[in-house]
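Student: Sequence:
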Amino acid sequence: MFILCWCCRPNPTEVPSNPPEEKKTQHITFDLISFVAGPLSAQIRALHLAYMQSGGSDPEVLAHMHDLEAEALTLEQAKHRAESKIKRRRMKFPHRVLDPDVLAVEQENQRLEEEIFRIQLAREKHKGEHGLIDIQKDHIHQMASLQAEIAFLRREKEKDRERRPHHPQAPLSVFPGSSMAVTHPDLPLDQSSKQHSLMGSHVTDPLQALGPAPYDPVAGFVIFYDLVTGVEATLRSVRLLAGLYFNGQKLGQTTPMPPVQCQPAGPLLSTKSPGNYAILAVKQPVPRVQPSPDLSLVIEIQTSEGLDLFNHETEGLVTCGWAKLNLFDQHNQVHSGHWRLPFRSLPVQASLSPGQLNSVPQLGNMELCLRVANARDGDEQTLEEIDPNNTNQYK
0 MFILCWCCRP
10 NPTEVPSNPP
20 EEKKTQHITF
30 DLISFVAGPL
40 SAQIRALHLA
50 YMQSGGSDPE
60 VLAHMHDLEA
70 EALTLEQAKH
80 RAESKIKRRR
90 MKFPHRVLDP
100 DVLAVEQENQ
110 RLEEEIFRIQ
120 LAREKHKGEH
130 GLIDIQKDHI
140 HQMASLQAEI
150 AFLRREKEKD
160 RERRPHHPQA
170 PLSVFPGSSM
180 AVTHPDLPLD
190 QSSKQHSLMG
200 SHVTDPLQAL
210 GPAPYDPVAG
220 FVIFYDLVTG
230 VEATLRSVRL
240 LAGLYFNGQK
250 LGQTTPMPPV
260 QCQPAGPLLS
270 TKSPGNYAIL
280 AVKQPVPRVQ
290 PSPDLSLVIE
300 IQTSEGLDLF
310 NHETEGLVTC
320 GWAKLNLFDQ
330 HNQVHSGHWR
340 LPFRSLPVQA
350 SLSPGQLNSV
360 PQLGNMELCL
370 RVANARDGDE
380 QTLEEIDPNN
390 TNQYK
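Per numbering that gives the first Met the number 0, numbering through the sequence shown is continuous, rising by one, with the last residue being 394.
Among the hints, a few may not be true.
What the hints assert, rightly or not - The list that follows gives simulated cross-link-like pairs (lysine to aspartate or glutamate, EDC-like), each with its CA atoms no further than 20 Å apart:
(1) Lys84 / Glu105
(2) Lys126 / Glu75
(3) Lys126 / Glu59
(4) Lys158 / Glu384
(5) Lys136 / Glu148
(6) Lys86 / Glu70
(7) Lys86 / Glu113
(8) Lys78 / Glu123
(9) Lys126 / Asp137
(10) Lys78 / Asp133
(11) Lys78 / Glu59
(12) Lys126 / Glu107
To be verified - If you anchor each label on the Cβ, the simulated ranges turn out as follows:
(13) Ala45 / Glu82: 20 to 26 Å
(14) Ala45 / Thr73: 36 to 42 Å
(15) Glu114 / Val217: 47 to 53 Å
(16) Pro211 / Pro273: 30 to 36 Å
(17) Ser358 / Pro263: 28 to 34 Å
(18) Ala143 / Gly354: 20 to 26 Å
(19) Lys86 / Gly54: 43 to 49 Å
(20) Pro213 / Glu148: 18 to 24 Å
Note that these hints are calculated values from the structure, not bench results.
From the three backbone atoms N, C-alpha and C, an ideal C-beta is built for every residue, glycine too.
Model the full structure from these sequences, guided by the hints.
Tutor: Structure representation (structure tokens):
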């Protein structure tokens with residue numbers, strides 16, 4: 000590497016005695032060099048100065064600029080040595096009469112050497128410009144991604160604080176950057192439904208917002224775990240465990256949701272879906288996920304036969320079934336919609352295709368009703384009422 004500063008820059012008329020050894024022993028310094036118009040090295044110095052004056056301070060970019068300037072100086076010195084050699088040769092034989100053919104060949108050789116030198120300079124300059132452009136583009140892309148993530152996290156934090164100022168919820172760590180929030184954890188079923196109805200009267204029908212739409216990998220998507228139907232009458236509580244899988248391989252850790260108490264089914268619900276039900280009311284934003292048809296959501300269900308007055312299970316929760324949902328289609332669009340997933344018998348087989356999944360026996364009549372929406376529709380979907388007597392929209 001070279002020491003590049005204005006006060007100690009080598010004179011173009013001087014020929015270094017051993018340039019390769021000098022290149023190995025010198026070190027880079029980052030002193031500003033005054034602009035000098037003319038050769039390529041001066042243009043690179045001007046680019047270096049403009050970059051630093053505009054606030055640039057990336058060490059990798061500065062080192063790359065100095066390397067380019069060193070290479071340009073080496074090429075310019077090589078040209079100067081070649082010209083000096085020709086002049087000395089002419090001065091040594093001033094009175095030699097050259098044959099016209101020999102003179103023509105020498106002139107052609109000189110022209111070709113100059114052309115090759117110009118091509119080399121242009122190639123080095125082109126290479127340097129493209130290297131700087133690529134680095135700048137990469138930095139701009141990284142800054143834009145970070146700013147988008149920060150803005151999204153701020154919005155989610157403010158919304159979560161407004162909805163639940165006295166009941167902060169721990170993040171769901173199974174998905175990178177995601178968080179799980181119980182939409183209405185402290186309201187009874189009838190009050191929760193009334194609040195959903197009042198808030199939903201001021202917005203567009205949430206059912207119309209779900210469907211195929213372009214997907215934003217930065218904003219991601221949102222999963223709403225609404226309720227479990229068809230629960231056996233002997234069971235008193237259920238709990239879900241959610242995890243992401245790619246080609247059947249688990250991504251991160253499976254994370255449990257809070258256990259919820261089962262409710263007796265009314266006359267209308269019992270005719271549609273035999274068994275009791277459990278309102279989950281859990282919302283899970285999942286930002287910064289790249290789309291892939293091989294990405295799926297696997298949910299395990301645990302059951303218990305009792306809860307105490309503080310909603311703590313009196314007997315251990317036991318995993319008894321599982322369900323799977325593919326999150327993206329072949330066009331890399333999120334599977335936005337209302338979904339009804341039947342729970343399957345153990346063991347969990349996350350690598351099964353939809354066709355193979357149908358061959359696994361179902362776990363009685365137990366089904367999970369959930370919604371998947373693009374992140375931009377998350378606020379609107381939060382207002383949708385969870386009604387165990389009206390589950391026809393889940394397919």
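Student: Does each hint hold? Answer for all of them.
Tutor: Checked hints:
no., hint, verdict
1, Lys84 / Glu105, "holds, 14 Å"
2, Lys126 / Glu75, "holds, 17 Å"
3, Lys126 / Glu59, "holds, 16 Å"
4, Lys158 / Glu384, "holds, 18 Å"
5, Lys136 / Glu148, "holds, 18 Å"
6, Lys86 / Glu70, "violated, 25 Å"
7, Lys86 / Glu113, "holds, 15 Å"
8, Lys78 / Glu123, "holds, 15 Å"
9, Lys126 / Asp137, "holds, 17 Å"
10, Lys78 / Asp133, "violated, 30 Å"
11, Lys78 / Glu59, "violated, 29 Å"
12, Lys126 / Glu107, "violated, 29 Å"
13, Ala45 / Glu82: 20 to 26 Å, "holds, 25 Å"
14, Ala45 / Thr73: 36 to 42 Å, "violated, 19 Å"
15, Glu114 / Val217: 47 to 53 Å, "holds, 50 Å"
16, Pro211 / Pro273: 30 to 36 Å, "holds, 33 Å"
17, Ser358 / Pro263: 28 to 34 Å, "holds, 33 Å"
18, Ala143 / Gly354: 20 to 26 Å, "violated, 41 Å"
19, Lys86 / Gly54: 43 to 49 Å, "holds, 46 Å"
20, Pro213 / Glu148: 18 to 24 Å, "holds, 19 Å"
This entry does not satisfy hints 6, 10, 11, 12, 14 and 18, going by the numbered hints stated previously.
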